[in-house]
Structures are given as structure tokens and as C-alpha cells.
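Chemist: Protein chains in written order, with the working numbering: chain E, 1 to 206; chain P, 1001 to 1247.
It is worth saying that the hints were derived from the structure and are not from the lab. A few of these clues could be false.
Here are the simulated DSSO-like pairs of lysine-lysine, each with C-alpha atoms no more than 27 Å apart in a straight line [to be verified]:
hint, chain 1, residue 1, chain 2, residue 2
1, E, K115, P, K1063
2, P, K1063, E, K26
3, E, K195, P, K1128
4, E, K22, P, K1145
5, P, K1131, E, K22
6, E, K195, P, K1063
7, E, K71, E, K195
8, E, K22, P, K1063
9, E, K26, P, K1131
10, P, K1128, P, K1145
Stretch by stretch, here's where chain P covers chain E in the computed footprint (C-beta under 8 Å, at least three residues) [what the hints assert, rightly or not]:
hint, region
11, 154–167
12, 193–200
Some residues of chain P that are not near chain E, with every Cβ distance over 12 Å (derived) [claimed, not checked]:
hint, residue
13, T1024
14, S1032
15, K1036
16, S1052
17, D1062
18, K1063
19, T1068
20, R1088
21, E1127
22, Q1134
23, Q1153
24, D1197
25, S1198
26, L1209
27, R1217
28, A1231
Only a predicted model underlies this, so the values are computations on that prediction, with no experimental measurement involved. Glycine is no exception: its CB is placed at the ideal position from the N, C-alpha and C atoms.
The lines below spell out each chain.
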Amino acid sequence: MQSQQDSGIKRQIELPWSEAFKMSMKSIRIRFWRSMITAAGIFLGIAFLQTVLTTSAILEGIGEGYDEMLKLRQSWLVVMSLLVSTVGVVNSMLMSVTERYREIGTMKCLGALDKLVVKLFLIEAALTGIVASVAGSLVGMLGMLLVHWIRFGSRFGPAFADQLGRLGSNLVLGIAVGSVLAILAAFYPAWRASKMPPAAALRSEF
Amino acid sequence: MATAYEYIVRTKDLVKEYTMGGQTLRALNGVSLDIKRGEYISIMGPSGSGKSTLFNMVGGLDKPSSGTVFIDEVDMAQLDAFELAWLRCRKIGYIFQTFNLIPVMTALENVTLPMIFAGTPTDDAIEKGIKLLQTVGLGERIHHKPTELSGGQQQRVAIARSFANDPAIILADEPTGNLDLRTGTEIIELLRRMNKDSGVTVISATHDLKMIDVSDRVVWIRDGQIAKIEARADIELKVGTMDGEQH
């Protein structure tokens, strides 16, 4: 029995990523509006970050002065807005986890490891984070480019061409920051949920 | 199995204490119970008698304050997280009063989930899942979500799911608690049939007297202690009168 059990334990593989991915997609779809609210938090934070970054890139391209004090104040605002959106994501992930205690308990009864529970929630957060920060980055950047185009008219073209590389890297930066923040924010709720003994998770009412 | 032990589950001096508002509550107070392989056993008792707590201990869903649970002579407290997950996945099938199906998944996906956890290839899992759902009489509804099924049907899915990895033990916590009389009887008969066909040990915590009829033994729990253990032969007569009273 003992040896059979050992080989059985080794044979037990974790849920493959493709399956975990499918399950996470499904729970996002089922709770679409909840996910949208989480996404909106990240979207707004990243869009704001992107407007600031775009403005400073274009102004520099045009050669207009951009005093240090204003720069400092703007980075302060960006940090604050990212913090607020992170808190928002933590909050909605906590809610989403609490709502699913029973589901988590059931999965653990069926043999899911703690790691798997964390994995499912992190995939969910990562997907939400990526979609929201791509959208936020694009909207923030394109919106701001439009504003500057209207403002500077013919001077905008060369400045835009000059700063194209920087704008590109800003886009990547925005997407990375949004996705990482979403994953970090989901980590604590997911970890907490995975550590619950199944009996306690199953008892919970909502 | 060459080294099959006679007793599949043994508990020794099981104690579980909960602390609530500074007061210590003893939900289980020294329960020692031996359950034979292939037995259909009912744990009976009023609400709050500790039968669900016992269920959680035996199923490895909660840790006892003191005492030991042996599954196939293996002390559960000695298992690490990985082994415990393996045990829950392969050795034990759970059935709950509230069904506890995953709401976002279809009946078939719910049944195949434990097999996917166990590393069964998807095609095999689907094939077996369909077979299991046919066994419980839901062959036509494999792609329905839990919300599109009646309570009895959901419990059938849960039963199919509990059998997914051919467990040695089925643990059922009030499996008929949320069902009407007729559906409850059907579920009990289904469990009994699967117990006879596959030789799986069924341990059911319940206060449903209909269960007595199919049980090999009945364990009566009161105030966290075993009040008495009766074999079915000894209580058949009483059940007869009870059925008479119900009609």
C-alpha cells in the first residue's frame, strides 16, 4: 500500500496551465461586471499614468519648458493614483475570493492543492490586469496625443516623430505596471483563501 | 488489493474543541469508531450532536484537537499537504447537503474536475464522466449547469463526481437534507446500489431515518459521544413502525 501510495503521489500532477487558464476565463465571464469594475480601477490608473508620460514626451519633443516643480507634482499624482487603483483591485479581489470560499473549499475536497487555488486567482487577476492596462494605456496615450495635436497644430508632427520610440516604451511600461499591480494586489486574497481548511471554507455562508 | 486492511477507517479518542467567545465548546468528546471496508454506515444524531464535525475529521477537512484518524491504517495527522490532497482526491469522495457543485461548470465538467486533478487525460476523463452521469440517470443532461438542474439532479451529479476517481470511501454529510422525501429516497437507494456494485465504503452523517433501512450499521451520536452502535438486524422492527407512522 505504502509504495503504491508513493508512486500515486508522484503521479499526481497539478492542473495543467491550459485547464487553469480555461477555468479562470470562465469565472471572469460569469462575473463579467465584477471583473469590469476591477478592470476599470486599473484602466483609470494606467490611463492617467499614460497621459502624464505622453504629455512630458511631447512637450520635450516640442522643446517647451517643463519646470521641475510641475514634474515632481505630476509624479506624485501618478503614484497616488496607482496606489488608489491597487487598493481598489485588492478590495474587489477580496470580495471575489470571499464570494467563492465555498467553491474553493469544494475544490480542495476534490484534491486541489493550495498552489492551484492561488494559481487560479492569479491568472484571473493577470488577465484582468493585462486587458485593463492595454486599454488604459492606449486610451490615455491616444487621448493625450489628440489633445496636443489640437493644441500645437503643425508643431505636433515633428515632435511626435521625434518621440515615437519613447512613446512606444511608455506603452510597454504602462502595460507592465498595470499587470504587475493587478497580480500583486490579488496575491494576498488568493493566498489567504488557499490556506483555509476546507471545512471552514465550506461552512461559510454568503 | 493484497494488503487490504479489514478496517478502512478507525478513529481513536477523537476530540474537537471550538473556542467561541472565550468559551470552549466540545463538539466531539472521545469518539472511537472502527469502520469496515465495504460497509454502509450511518452516523445518526440530532443537529449539533457533533456528527458533521466527525465527518470533517474523517474526511481530513479539519484537524482534531486530540485523538487520531486512521485511513487504511495511515495516521492522517502524519500526512503533508500534498499527501492530504492526494487522499482527498483519490481515496475519498465527498457528498454534501448543499451539493457544492462548481456553479460555473456544467454537470460533466463538475464530474471530470477530480479526474483532471488526478492527472487523468481529458478524453478518458470525459468518457468516464459521461458513463458516471449515465449511471446516476443524468445521461441526457451532461451539459447543463447546476442552476439548470433540480436539487435531486444536482445531488446525483455530486454522487457521480464523488465516484470519479474510484474512491475507497464515500463520505456523505446529510445527503438528503435539502431534498424532498421521494427524491431523498431515490438518492439513498442510488448510494446503496453503488455501495453494493463497487464495494465502496459509504459513511453518511444524517438525521434522516430513511437511511436506517439501507445501513449495515447505525452509529448514534449524542453530545459529541457515541451513544450506541446498532447493526441493522437489531433495528429493523423499529423502522417498520416508523414507516407505518409516516403514511
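Chemist: Decide, hint by hint, whether the structure agrees.
Modeler: Now for the hints, and whether the structure bears them out:
In summary, the hint linking K115 of chain E to K1063 of chain P is supported, as the alpha carbons are separated by about 20 Å, within the 27 Å threshold. Note on K1063 of chain P and K26 of chain E: the hinted pairing is violated, with a Cα-Cα distance of about 33 Å set against a maximum of 27 Å. About 31 Å separates the Cα atoms of K195 of chain E and K1128 of chain P, which puts this hinted pair outside 27 Å; it is violated. Only pairs whose Cα atoms come within 27 Å are accepted, and K22 of chain E paired with K1145 of chain P is accepted, the gap being roughly 16 Å.
Between K1131 of chain P and K22 of chain E the alpha-carbon distance is near 24 Å, which keeps this suggested pair within the 27 Å criterion. Our distance criterion of 27 Å between C-alpha atoms is met by K195 of chain E and K1063 of chain P, whose separation comes to about 14 Å. For the given pair, K71 of chain E sits about 44 Å from K195 of chain E by alpha-carbon distance, which is inconsistent with the 27 Å threshold. For the hint pairing K22 of chain E with K1063 of chain P, the CA-to-CA distance comes to about 33 Å; that exceeds 27 Å, so the pair is violated.
As the CA atoms of K26 of chain E and K1131 of chain P are separated by approximately 25 Å, the hinted pair is consistent with the 27 Å bound. With a C-alpha separation of about 19 Å, the suggested pairing of K1128 of chain P with K1145 of chain P holds against the 27 Å cut-off. Counting residues of the region 154–167 of chain E whose C-beta lies closer than 8 Å to any C-beta of chain P gives 0; at least three are required, and the coverage claim is violated. Here the region 193–200 of chain E counts 4 residues with a CB under 8 Å from a CB of chain P, which clears the bar of 3, and the coverage holds.
Residue placement check: T1024 of chain P keeps its beta carbon more than 12 Å from all beta carbons of chain E (closest about 18 Å). No beta-carbon of chain E is positioned within 12 Å of the beta-carbon of S1032 of chain P; the least distance is around 21 Å. Separation of K1036 of chain P from chain E is adequate, the least Cβ-Cβ distance of about 17 Å exceeding the 12 Å criterion. In this structure S1052 of chain P is not separated from chain E by more than 12 Å, as the shortest Cβ-Cβ distance comes to only about 9 Å.
Not every C-beta of chain E lies more than 12 Å from that of D1062 of chain P, the closest at about 4 Å, which undercuts listing it as non-interface. Not every Cβ of chain E is farther than 12 Å from the Cβ of K1063 of chain P; the closest lies at roughly 7 Å, contradicting the non-interface assignment. The non-interface label for T1068 of chain P is consistent with chain E: the shortest C-beta to C-beta separation is roughly 17 Å, beyond 12 Å. For R1088 of chain P, the condition that its CB be more than 12 Å from all CB atoms of chain E is violated, with the nearest at approximately 5 Å.
Taking the minimum C-beta to C-beta distance to chain E, about 17 Å, the non-interface status of E1127 of chain P holds against the 12 Å cut. With a cut of 12 Å on Cβ distances, Q1134 of chain P stays outside the contact zone with chain E, its closest approach being about 21 Å. For Q1153 of chain P, the condition that its CB be more than 12 Å from all CB atoms of chain E holds, with the nearest at approximately 17 Å. The beta carbon of D1197 of chain P sits about 22 Å from the closest Cβ of chain E, which is more than 12 Å, so the claim that it is off the interface holds.
Separation of S1198 of chain P from chain E is adequate, the least Cβ-Cβ distance of about 19 Å exceeding the 12 Å criterion. The non-interface label for L1209 of chain P is consistent with chain E: the shortest C-beta to C-beta separation is roughly 25 Å, beyond 12 Å. No beta-carbon of chain E comes within 12 Å of the beta-carbon of R1217 of chain P; the shortest separation is about 25 Å. At roughly 28 Å, the least C-beta separation between A1231 of chain P and chain E is larger than 12 Å, which holds for a residue marked as non-interface.
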